[in-house]
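Protein sequence lines, in the order shown, are assigned to chains A and X.
Quick note on numbering: the first sequence equals residues 1 to 211 in our numbering.
Quick note on numbering: the second sequence equals residues 1 to 602 in our numbering.
Treat the hints loosely; a few may be bogus.
To be verified - Some chain A residues close to chain X (C-beta under 10 Å, calculated; not the full set):
1. Leu47
2. Arg59
3. Lys80
4. Ile84
5. Ile87
6. Leu92
7. Arg95
8. Gly127
9. Gly148
10. Val149
11. Asn150
12. Asn151
Said to hold, decoys possible - Here are the computed distance ranges between Cβ atoms for each label pair:
13. X:Asn274 x A:Glu15: 33 to 41 Å
14. A:Lys201 x X:Glu186: 51 to 59 Å
15. X:Ala170 x A:Ser140: 27 to 35 Å
Honestly, the hints are just simulated from the structure, not real lab data.
Keep in mind that this is a model prediction, so the values were computed, not measured.
We put the CB at the ideal spot given by N, CA and C, even for glycine.
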Amino acid sequence: MIPITINDKQTKVPEDLSVLEAVREQGIYIPTLCYHEALEPAGSCRLCIVEVEERGRVRTAASCVTPLTPNMIIRTDTEKILKIRRILLELLMARCPGLKVLEQMAAQMGVKKVRFAQEDDDCFLCGQCVRACSEIVGVSAIGFSDRGVNNKIGAPFLKASNVCISCGTCTTICPAGTFHLERVDNLVSLHRYSNEYHQEKCRVCGDHFVV
Amino acid sequence: MKQYRTHCLVCTGTGCVSNHAFDIKTALESEIIKQGLKDEVTVIATGCNGFCERGPVMVVQPENIFYQELKEKDIPFLVEEHFLKGRPVEKMMYVPPKEEAVIPKMSDIEFFKHQLLVVLRNRGRIDPEKIDEYIGYDGYRALGKALTEMKPEQIIEEVKTAGLRGRGGAGFPTGIKWGFCEQAEEDTKYLICNADEGDPGAFMDRSILEADPHAVLEGMVIGAKAIGAQEGFIYVRDEYPLALRRINIAIEQATEYGLLGENILGSGFNFKLNVVRGGGAFVCGEETALIASIEGEVGRPKPRPPYPAQKGLWGKPTNNNNVETWANVPQIILRGGGWFASLGTKESKGTKVFSLVGKVNNTGLVEVPMGTTLRTIVFDIGGGVLKGKKFKAVQSGGPSGGCVPESLIDLPVDFEKLTEAGAIMGSGGLIVMDEDTCMVDVAKYFVEFLEEESCGKCNPCREGLKRLKEVLTLITQGKGEAKHLEMLDDIALLMKEASLCALGATAPNPVLTTLKYFREEYEEHIFQRRCRAKVCKDLIMYRIIAEKCTGCQRCVKACPTEAITGPRSQPHNLEESKCIKCGACYEVCKFDAIAGDAIYIE
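Model the full assembly from the supplied sequences, consistent with the hints where possible.
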């Protein structure tokens, strides 16, 4: 256990936690989009930024990938941090208008309007699906392709993948509801990278399985 | 060894090579044979001489005569006059702008006079493809000293005393960085030389590798000894074929001489060096992305900590330095940290290599002590602004840097001072801008570059750059609104504070510095719909000044859209609806009869 200070309150926490985990353990809200307890943190959505002070040096850090150090001072709700988070969320809302998860966050964080031209994407590239497919399922059927603003998620060359086992983990984990399976009779199609699988119904339990 | 009375040092840096320097070299060689001088005059292909503006260039030693803008057809005359008859040829010598008398000697030319060569000490004087020439100028002596007389701690201490800071941009103290890696308790450690130079207008690292590859190798072997690394990687952009060729030759020769590989100089120390060719992604200059790229992964940055000194390449402690940093090391070991620390300013020691480009008379590669003012670099060495135009700003540090305005022209250039001004040292690109440069357009140019090069992993950088571009485009199109300035500030704040790596965190710098120093230009674009530099096409209008037009029809022929019509010898007519504002007519008009007017909407 090491002593740290979170929002002016001193406390002791296990040292192997990340700043995000330590803060959340205290019941304090930090928004995240790319973080998932079952996955390695990626530090890519940057919504979880907090102000961190170590040995007198103050910096802004993504809490999910910042390890704790003894006597660290963490501030989660400074005006600057809240402002940066609001700008970030505004940009994501311009990218993906109408996404429920973003709108809920916006209501909570006080983002009222989006000043930028609206696009019509439904994926904000948090990459949880990619990491789940690699870390949990172990097949890495999907990944990031292209670079920068053209970045997108899908199977290699955005074509149907024979590596995918149609487990649906990506659809379960996706915070945006972007990935989903559609089942018509015995045909399952995985939205977004046009994979299709034939399934049979199990005579014993009634569940479907891929043949 | 054969002695020659005259040495022709032909620059074969990339600038001169693109101006056919190799043809000049061949022509010289055959002409020298033809005129029976092959036992007296020799031709040597050197790395970048620095004065790229005047390429292809050649220096004749021992007289130190500088020849410029050489042409193949002039070579027989030059050989006959100078080498046979002993009369140096004036018409191929340098004449400073606005003057008439030639300056025959290289050392008398302003461009060279103010420079202090440490890293580039061998530029233009040795053949980079011959290790013997490097050794001839004290090459590998520092390595001998480091391997046989010094303990690893002593090497690190010497670099700390020198106060050497990373030349890749961030300026982290090199000795301290080495210390971190040295202390890491692992048997396997790696070294990296970052030669993934990608800034528009920057060619320092390229020129160092092309002019003096052994200096980089020697620095790396010394570093390896200090840190305890057994293997190193030089990550060079594939767009640098000449640098790649020369570094590969250097590795081959050094290995053959026992200066690389097993049991170096009989000291029992082993170090293997590999060359990795980068695919050209700008973000791979960021060290965690570079490491990922060497590992064969997609070049995307990773959050730090863990720092590469703890967990780098393949999870092992790794020390990464820039080309220029490595090239400084042998000099520090040989001449002592105290000597190095005596150069430069309080916080920034030594020299810095800059590539001076843009609207400046003397484009080229310059090395000056830290703390040299921008005025000295731009006006004394650079010879001032092209065509006598008015100086506006100098962009320092590449796309992640910023624009320093005329009011700060006496700024001593070092890490601290540039950062205070809102720019960065970066790797050392200096782009000079004149009154014809629109600062909003400049900001947009760099933002567009970075948007292309952002890896897209983190939201602030990917989305932020996209929106910066969107807003800046609106402003340059004359669709700017008052709220746009605040939106630019907001995005910049987000990117600076919340981006994952330094690319994103420094990406708003061009916008922030132009907003800070040239806010009035943004305001003119937004509120008056006016571009004073007459760059933003939507904000300018071309018209023919009837009183000056002689009806010569040059513009009629130049206009690609047939917007200009009119019979010969009568003032022409420009049809505005057809004009695409390409400026071709403006360029060709001999009578200043075409005006490119900034549009005012009051």
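Results of checking the hints against the structure:
1. The interface hint given for A:Leu47 holds, since its Cβ lies 8 Å from the closest Cβ of chain X, which is under the 10 Å cut-off.
2. Given the 10 Å rule on beta carbons, the hint for A:Arg59 holds: about 9 Å separates it from the nearest Cβ of chain X.
3. Using the Cβ-Cβ criterion of 10 Å, the hint placing A:Lys80 at the interface with chain X is satisfied: the shortest such distance is roughly 8 Å.
4. Because the beta carbon of A:Ile84 sits about 5 Å from the nearest beta carbon in chain X, less than 10 Å, this interface hint is met.
5. Taken as an interface hint, A:Ile87 checks out: its beta carbon lies about 4 Å from the nearest beta carbon of chain X, inside 10 Å.
6. With a least beta-carbon distance of about 6 Å to chain X, the hint placing A:Leu92 at the interface is held under the 10 Å criterion.
7. The interface hint given for A:Arg95 holds, since its Cβ lies 6 Å from the closest Cβ of chain X, which is under the 10 Å cut-off.
8. Interface restraint check for A:Gly127: the shortest CB-CB distance to chain X comes to about 8 Å, inside 10 Å, so the restraint holds.
9. Annotation: interface hint on A:Gly148 holds; nearest CB of chain X at approximately 4 Å, less than 10 Å.
10. Evaluation of the A:Val149 hint against chain X yields a held restraint, the C-beta minimum of about 5 Å falling below 10 Å.
11. Of the supplied interface hints, the one on A:Asn150 holds, with its beta-carbon coming within about 7 Å of a beta-carbon of chain X, less than 10 Å.
12. Look at A:Asn151: its Cβ gets to within about 3 Å of chain X, closer than 10 Å, so that hint holds up.
13. A hinted range of 33 to 41 Å holds for the C-beta pair X:Asn274 and A:Glu15, which are about 38 Å apart.
14. Range check, A:Lys201 to X:Glu186: Cβ separation about 54 Å, and the 51 to 59 Å hint holds.
15. Checking the proposed 27 to 35 Å range against X:Ala170 and A:Ser140 shows it holds: the Cβ atoms sit about 33 Å from each other.
Checked against the numbered hints given earlier, the structure satisfies every one of them.
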